Amino acid sequence: MSATKPIVHVSNVFKYFGQLAALNNVSLDIYPGEKVVIIGPSGSGKSTLLRSINRLEEVDRGQIVVDGMDLYAKENDINAIRMELGMVFQSFNLFPHKTVMQNLTMAPIRLKKIPRPQAEDNARRLLKKVGILEKAGVYPTMLSGGQQQRVAIARALAMNPRVMLFDEPTSALDPEMIGEVLDVMVTLAREGMTMICVTHEMGFAREVADRVVFMDQGQILEVGTPEHFFEAPEHPRAKKFMEQIL
Amino acid sequence: MPDKQEVRIDVSDGAAIPRKRDIGLFSAWWISLIGALGCIAYLCLAKPEPYLDILKFLPDGILVTFEVTILSILLALFLGLITGLGRISKNRTINLIASTYVEVVRGIPLLVQLFYIYFALGQVFSNLPNPADVAESMAAWPGIIVYVVVGVVGFLKDMPPLVAAVTAMGVCYGAYMGEVFRAGIESIDKGQTEAARSLGFNRRQTMFLVILPQAWRTILPPVGNEFIALLKDSSLVSILAVADLLRRGREFASVTFSYFEAYTMVALIYLVITLILSKGVSAMETRLNYYVRD
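So the protein lines, in turn, are chains F and A.
Take the first sequence: its position 217, counting from 1, is numbered 220 in the working numbering, and each next residue is one higher.
Take the second sequence: its position 208, counting from 1, is numbered 1343 in the working numbering, and each next residue is one higher.
In case anyone wonders, no lab produced these hints; they're calculated from the structure.
Predicted model only: the values in this text are computed from it and were never measured.
Virtual Cβ for every residue (Gly too), placed ideally from N, Cα, C.
Don't take every hint at face value.
[Claimed, not checked] Computed cross-link-like contacts, DSS-like style, restricted to lysine-lysine with a CA-CA straight-line distance of at most 27 Å:
#	chain 1	residue 1	chain 2	residue 2
1	F	Lys-77	F	Lys-101
2	A	Lys-1325	A	Lys-1191
3	F	Lys-115	A	Lys-1325
4	F	Lys-115	F	Lys-131
5	F	Lys-77	A	Lys-1367
6	F	Lys-77	F	Lys-132
7	A	Lys-1367	A	Lys-1225
8	F	Lys-132	F	Lys-115
9	A	Lys-1191	F	Lys-77
10	A	Lys-1325	F	Lys-101
11	A	Lys-1191	F	Lys-138
[Said to hold, decoys possible] Negatives, chain A to chain F, calculated, CB over 10 Å:
#	residue
12	Cys-1174
13	Cys-1179
14	Lys-1182
15	Glu-1184
16	Leu-1198
17	Leu-1216
18	Ser-1322
19	Gly-1326
20	Ala-1331
21	Leu-1344
22	Ala-1378
23	Tyr-1394
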């Protein structure tokens, strides 16, 4: 894997919230096609790390490079870089004033200048993929949480991103809806999408993750395969965390 | 996910906007409207002279009242949007300018602002050189610039009362509207901005495509309320010899000495207009809620 260039390169990143170091010298390389799951207790900095990859959080020090483009270089347009990164949020954040279809076509039409019929065809294909084609014409508030999250994934995919970022995509869902969202994510993983997921769903991690990254107190403490974490986490805090969530 | 709180911006100086659930206010609305219309009808039938004459004399004034109100609200919306965006701007200077505008305007009574723009600034502007002299002194300049400068000088030098009235009311209400816009924009969940930005929309696109269309739902009721308040305050412009509803009533009264009759009709007509408008605002509010599941 080291022969290819990483698609996301995070090196020596620091981020402070006041005195607190939310990210404390974090480095991580993600290679094309890789699925990485980031775990850790709340406040460990895992969401902050994910959000700094598309610069929703500004880091204080360090370098983040996506697809060869430095996020903080003046010559790079952050909006163009963000188009390469699909983001899925814990709280879905669909646009409530737009229909499901419009949620999916808005960015491609406006930002990629894709003709409307083509954008809508693509949107229908994606809605079919996440199993929610029949809801194309309704407003997001008419959907269940699981349906909204699947639409949100489809919306991110509509921009044809190189990497998908998932920020606790199932944490706000009722238990019976978690499965339908994870199914979509597994399908996506099988298709070879590069994915970085902050999640506590260890079943999902075991099924698709190439690497699991354990974070605590703003630092990456351990990196390994899912099996490694299930069987023999080395770091005491990782061990304790795994005991708590399993 | 934290439940998003429904934000309601209450403005106290407009008309009360009736809400469906609010039975008491609802019936108060009907009593007022039917009462006012009934009074007008009864007075015109029972005593056509002078009431019917007054009713025929006032429509021109109603038109002017609406003209002043609509032009002022358009200016206020424009200034309000800019001010609201300025108030949430991270740029310290822009923020300070917007906040200062709001602070200053809110501290000066509207009537004083009207006097200030029409009489005080009017006096300053009247000292401007003659447009013809300006044209002569600018002979070396390109024609189009001369044309514009001369036009502006001529316009300011002899400022029509309507322009002064609309400027004063627009500037004044723009400050209030700025607060409405600011609160409306801030009422939208931060996740909306993050979702839009993460798709690749820039700040401006995010504001105009995602935030404002949603904020509008929160903004509209107070804007409607401000519109009604503005319509009532527009009676102040009668002092600048703008022939609005109140001014027409006063004209009728001063000729016929029927002060009681004229002002009674003026008051009733204002009441009917604001009652109907407040109903319209609440109807619009309901329509704008189309995507919210109840």
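Do the hints match the structure? See the list:
1. Lys-77/F / Lys-101/F: 33 Å, violated
2. Lys-1325/A / Lys-1191/A: 54 Å, violated
3. Lys-115/F / Lys-1325/A: Between Lys-115/F and Lys-1325/A the Cα gap is close to 24 Å, so the pair holds against 27 Å.
4. Lys-115/F / Lys-131/F: 22 Å, holds
5. Lys-77/F / Lys-1367/A: 53 Å, violated
6. Lys-77/F / Lys-132/F: Answer violated: Lys-77/F to Lys-132/F is near 38 Å, above 27 Å.
7. Lys-1367/A / Lys-1225/A: 36 Å, violated
8. Lys-132/F / Lys-115/F: 22 Å, holds
9. Lys-1191/A / Lys-77/F: Given pair Lys-1191/A, Lys-77/F is violated - Cα atoms ~68 Å apart, limit 27 Å.
10. Lys-1325/A / Lys-101/F: 17 Å, holds
11. Lys-1191/A / Lys-138/F: 56 Å, violated
12. Cys-1174: Label holds. Min Cβ-Cβ 43 Å, cutoff 10 Å.
13. Cys-1179: For Cys-1179/A, whose nearest Cβ neighbour in chain F is about 47 Å away, the distance exceeds 10 Å, so it holds.
14. Lys-1182: 53 Å, holds
15. Glu-1184: Given a closest Cβ separation of 55 Å, the condition holds.
16. Leu-1198: At about 35 Å from chain F, Leu-1198/A clears the 10 Å cut-off, so the statement holds.
17. Leu-1216: Holds: least Cβ distance 18 Å, greater than 10 Å.
18. Ser-1322: It holds; Ser-1322/A is separated from chain F by about 13 Å at its closest Cβ, greater than 10 Å.
19. Gly-1326: 4 Å, violated
20. Ala-1331: Nearest chain F Cβ is 8 Å from Ala-1331/A, so the label is violated.
21. Leu-1344: At about 7 Å from chain F, Leu-1344/A fails to clear the 10 Å cut-off, so the statement is violated.
22. Ala-1378: Nearest chain F Cβ is 42 Å from Ala-1378/A, so the label holds.
23. Tyr-1394: The claim stands: Tyr-1394/A keeps its Cβ more than 10 Å from every Cβ of chain F (closest is about 51 Å).
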